[in-house]
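Line by line, the protein sequences give chains A and B.
Heads up, the final residue of the first sequence is numbered 768 in UniProt numbering, and it's a clean run with no missing numbers.
Heads up, the final residue of the second sequence is numbered 768 in UniProt numbering, and it's a clean run with no missing numbers.
Honestly, the hints are just simulated from the structure, not real lab data.
Please note that the accuracy of each hint is not assured.
Since the list gives no way to pick out one identical chain from another, each pair is judged satisfied if it fits inside one copy or across any two copies.
[As the list claims (entries may be wrong)] Below are the DSSO-like pairs computed for lysine-lysine, each with C-alpha atoms no more than 30 Å apart in a straight line:
1) Lys677 <-> Lys106
2) Lys72 <-> Lys187
3) Lys533 <-> Lys147
4) Lys477 <-> Lys318
The structure presented is a predicted model; accordingly, all values stated were derived computationally and were not measured.
Protein chains: 2
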Amino acid sequence: MNQDYIIPNNWSILEEGFDAERVEASESLFSLGNGAMGQRANFEENYSGSTFQGSYIAGIYYPDKTKVGWWKNGYPEYFAKVLNAPNWIGINVSINGEALDLHTCKDVKDYRREFNMKEGWYERSFTAIMPNELEVEVKVLRFLSLKRNELGAIKYELTVKNVDANIIFEPYLDSGITNEDANWEEKFWKTLEINTIADRGFITAKTFKTEFHATAFMQSRLFQDDREVKTGFSKIQENEKISFRYEVAAKKGEKVALQKFGGYVTDMNHQREQLVFAANNVLENAVSAGFETLLEEQKQAWAEIWEMADIAIQGDVKAQQGIRFNIFQLNQTYLGTDARLNIGPKGFTGEKYGGSTYWDTEAYCIPFYMATKNHEVARNLLTYRYNHLGRAIENAEKLGFTNGAALYPMVTMNGEESHNEWEITFEEIHRNGAMVVAIKRYVDYTGDFSYIPEKGLEVMIAIARFWQQRANYSTQKDKFVILGVTGPNEYENNVNNNWYTNYIAKWCIDYCVASIEKVKQEFASDYSRIIEKTGLSAEEVSNWKEVSEKMYFPYSEEYKVFLQQDNFLDKEIVPVSELSRAQRPINQKWSWDRILRSCYIKQADVLQGFYFFEDHFSKAELEKHFDFYEPLTVHESSLSPCVHSIQAAALGRMEQAYEFYLRTSRLDLDDYNNEVKEGCHITSMAGTWMSIVEGFGGMRIVDGKLSFNPRIPNGWEGYSFKLNFRDQILKINVAPEKTSFTLEGHDPLEIHVNGNVVKVEPSVPLTV
Amino acid sequence: MNQDYIIPNNWSILEEGFDAERVEASESLFSLGNGAMGQRANFEENYSGSTFQGSYIAGIYYPDKTKVGWWKNGYPEYFAKVLNAPNWIGINVSINGEALDLHTCKDVKDYRREFNMKEGWYERSFTAIMPNELEVEVKVLRFLSLKRNELGAIKYELTVKNVDANIIFEPYLDSGITNEDANWEEKFWKTLEINTIADRGFITAKTFKTEFHATAFMQSRLFQDDREVKTGFSKIQENEKISFRYEVAAKKGEKVALQKFGGYVTDMNHQREQLVFAANNVLENAVSAGFETLLEEQKQAWAEIWEMADIAIQGDVKAQQGIRFNIFQLNQTYLGTDARLNIGPKGFTGEKYGGSTYWDTEAYCIPFYMATKNHEVARNLLTYRYNHLGRAIENAEKLGFTNGAALYPMVTMNGEESHNEWEITFEEIHRNGAMVVAIKRYVDYTGDFSYIPEKGLEVMIAIARFWQQRANYSTQKDKFVILGVTGPNEYENNVNNNWYTNYIAKWCIDYCVASIEKVKQEFASDYSRIIEKTGLSAEEVSNWKEVSEKMYFPYSEEYKVFLQQDNFLDKEIVPVSELSRAQRPINQKWSWDRILRSCYIKQADVLQGFYFFEDHFSKAELEKHFDFYEPLTVHESSLSPCVHSIQAAALGRMEQAYEFYLRTSRLDLDDYNNEVKEGCHITSMAGTWMSIVEGFGGMRIVDGKLSFNPRIPNGWEGYSFKLNFRDQILKINVAPEKTSFTLEGHDPLEIHVNGNVVKVEPSVPLTV
């Protein structure tokens, strides 16, 4: 780990003491989101030290022209960038003519940040000695409303301790913002209009190229000793900024407060010409409800989320804080209510990686959302890809594929590929397989096969077509091979016969063929529609089957393991344990050349396949592969430790499983990869959830039934979680030597526990 | 071919008829150079149509910050860009107040360009009907002086045919220029000073970052009916431009002419503070000599070059024009007199590829310069790499190599790597081998072994160290393997055991070990110095030998050929002949993904190895490999057809050899790759020379003797060329059924002809 300043606490993320070096990291960790908008924990008042300013609106992006050294055919034209949106949180403060700026204060005492995850708010407080010797006590509470997802609210309380003082608050909106991550240092927003209506301010801006229109808005109320003051104010309008100036004379020790309501409305949800009107409505409703009411709503909304999604751990505060932070951030990022949105790798905590959607969603996130929310949410995530099928077919056509073959993008905002490295976009084709894995998981978990005839089968056919065309017959092997790929392990490029890719390709074909058969038997009208739409012929399916049946899998007779790729054993095999700490992380210490030629694995690859298809292999096989690959894995991807944790648990290696759990759950809090200031690793947080539920809890679906094999890491007194399984809620409470199950539902539920079938009756706790 | 507007002629490149679409292509083809500076065939007068402006100074470059989508450790910081230098050729012309601009003229008649290669000048003439109905006849002669390599001269003659007219010439210097090829659209030059002394103008500018200082200069003389007119002129000075305005009243039909002398002096050759003084000297000497004297000097200098370098072909004008164009361009680019310079891939004809030095120099260019110039020139080219050895060691260190291992750069200006694609810089390591091949060729051809103890052995040791470290032992193969490389065929990346790379690696070690032994025996003091300097131990050499002895070479028992790389036969093998024309060139029609997975070969790869090490293999082996790989080769690199031409000739397949010869010799004239407007392919032109000398002529060195096996392509009446062999000149004249040899030298020379040893006496023609 690279930092340990976050104070362990069951329900809050806490920081104490001001350190300018930590500002950017904390800006990431204390980021707020409500699924529709997000905000890094930037200070409201001006800060002249190092800061990474970030305000984000879900679904709004900019197609940043691709930057490469040497253009190659098929490159995507752009990289879809997550956009820093106009600033609505800003409140400049000056006291007796001196600006409050923590970077220039003589001293900052009692500095404290609290991120209250239970109630969904963020508070920052401190006492500053300003250059003019004023002693100022400040407490700022901020939240983004879950219930009103276009709204945020701030309460900025300030007390000058040592003198009477003249205080000026200048809440503002600013659309003259820039992006940390921009290929060409272009501006992404064009300011269209600034309006004011009484004490309400509005800036309407549009993104260049994509022409998203957004109106940022604000309204403020001033309080003195907790009584609202109806005072005058002045307006300062600049080209891309509007500020309102509130001035108040405060006695020594008298508390003044500014409440600021703000946020965004966009043309994704409103008519363009109605944006200011819509924003005005949001403000009208918010201000008339009042700050305290809004805050109560917020607590209530988060209580509802936690009621279902919480995982409680007894006896290990750091582990508890870690999992709650993960669950909290996942819910801040995506709530599943808008099928146009998805789960960006950094959520609303940063800009790196761009795009909103990676294979992370299908491979890691869907199980979490499926089990902790209404199943419609998981269906929405599947439908997102169904809606992008046409674009995925176009993407494959650009690379030379035909006949409706689809290659889903590595990164996307709107279905188009928008990454920009050939070794990733052209080669990391295994992502196509995750689309189908997600469908299977959805069907198995929810029991809702109807998604396949309705939508899923078209996706699966297009993907099967891709695999059949992408494989080629090797006469010397008398097998089908898949050449020139990058597997999940991105520390190898352009390898042949990556086992994971070949295996998932074959499986996609097999699962598609079986699904076609089932749809043909049971959903005749869907079947006809799909056959007509896709033009699928029996001959084509038979070509697929040939590829599947003769797919090649590299295997070592010597080690009795599948090989990550054809020539893996030609590498020099030296376990990670023999690498000095000074050499790691290798992606910061070694040249790319050296990494590619090394045996080191960035993230689970063959083991990722064993994770998805665990039931295809014996435990002895899992163990053999785990023992071969785990020692070579450096886990320099956030998506890696969770899989290893689950597998270590399945093998009964609880100490190792716990170590991987800590790494995945506290990846950002403890900054394992020395990069949290760029933002948090949102999608891997769903992997953390899986480490507990599938790892320690041993949850699987076996023959359509929930199955558990619960274990407790050393030192834990117990843990509990809930699953929404087929519209009934099952609560699992694991304590030493006993596990109890409580069903909130209507029908008795048969489950497997440690290999035995037991029946849980509604509302009757069952202890095993 | 994509164009055929160049009129065949034995000694000139000719274009007739104005076509705006051809302007940029002709700007490349008619480029001038004198080894020290160069100039695309841009018009002197303003041209508002599409044009690619390029004026270049040898050795002056800009480190353009690398552009990549995603930074990886070890990437070079910059790509060294060839720089468009301040314009000295410009002469704006206006007549009766209307600017002469071929793009806006009502008509352009009798347009003609001639590039007289024999005499080294370029002339453009036309009759234009201007928008104001004036009929203007123009003839412009231009050359860059070989003898005075800081000087160029222009004679701009103009006659208004239909009226008396007022003519204004505005010769100018302009440093406000931009680069076609710039990653960030930055300016590369900063203008420092503009001076004028009487009718002489000077602009001194420096390059950003590299701080090269250059002074562009000019002086003009005005003539009316061939008599000099001493008229007044005015000066117009702008921030980055200085123009002199000469006004003259001309009668209808009266010829007026402006002679402009100009060029560059730089701080590579002068003190910075003396630049204007030096430029003034150049002008002083040039103007006092006068245009006609300078032109005579030029003809004389080119006559001397042709005397030695010409290849005369009888009976095939296109073939003759092709080879002379190639020889002419090579001499325009590099004359071998300055060891700091090298042969850029586009010479002075464009900016693409940047850098000045690729492995092209060692692999293709050295034989030409060695045989047609004093051997000191080839030695200078070898010394260039010796001088960069420290940088090559640093380059390897950046990638993780140690102990003085060297990796020569893929592209460089000053010894540092300056390409920017990992798959090229990190992987295309075979270039290291060409450095040693060049040393061996030099020693074999010149008989001068002394280069090895003096300089070459240090280079060879550093390269042997690299190969030993880069190879790794594969337990499963019980061999040393070289993983993750790109061979000469850049249509495969990150392959394992590229045969060419493995073979040249082993050979480098073997040749180094043998050289060490010879130096130890015969150059004891050099040996001690080198051992001390390099710290070489017997143990290290024995480690090298182990790698060499156990090097792995992929081989197909089925086809009895070495395989281009481990998994080549897993690809779908379909000959190029079955690819439709519409699919080619594949680098313009296919995605990179599809290219990488295909079996198509961009340029000779295994066959390149057979070319370098022909004597290691039997003719039957060559034939087998040629028949296997030739049908899969698309020749989308300019460096490919020459090798195939030589090998086809060696196999007696004259028709095929001739086809490849035409392709290499007229690559730019006929624009085979549809890109000549970006510049000409200079380095491959040396391959064209080899196609005749080594291909048709069958020239080899056998046991230290020149050896020939002459053949004549169908339709040729004969051909002749000269070789400077060990300080004697041998002229070879090949006619049907007989070849004659004439020796200009002092000692009888034993040579092989068609396998027999014959003796050529000085000045006594010998016919066989």
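Evaluated hints:
no.: 1; hint: Lys677 <-> Lys106; result: within (25 Å within a copy, 64 Å between copies)
no.: 2; hint: Lys72 <-> Lys187; result: both (27 Å within a copy, 26 Å between copies)
no.: 3; hint: Lys533 <-> Lys147; result: neither (41 Å within a copy, 75 Å between copies)
no.: 4; hint: Lys477 <-> Lys318; result: neither (52 Å within a copy, 49 Å between copies)
The structure does not agree with the numbered hints 3, 4 stated previously, though it agrees with the rest.
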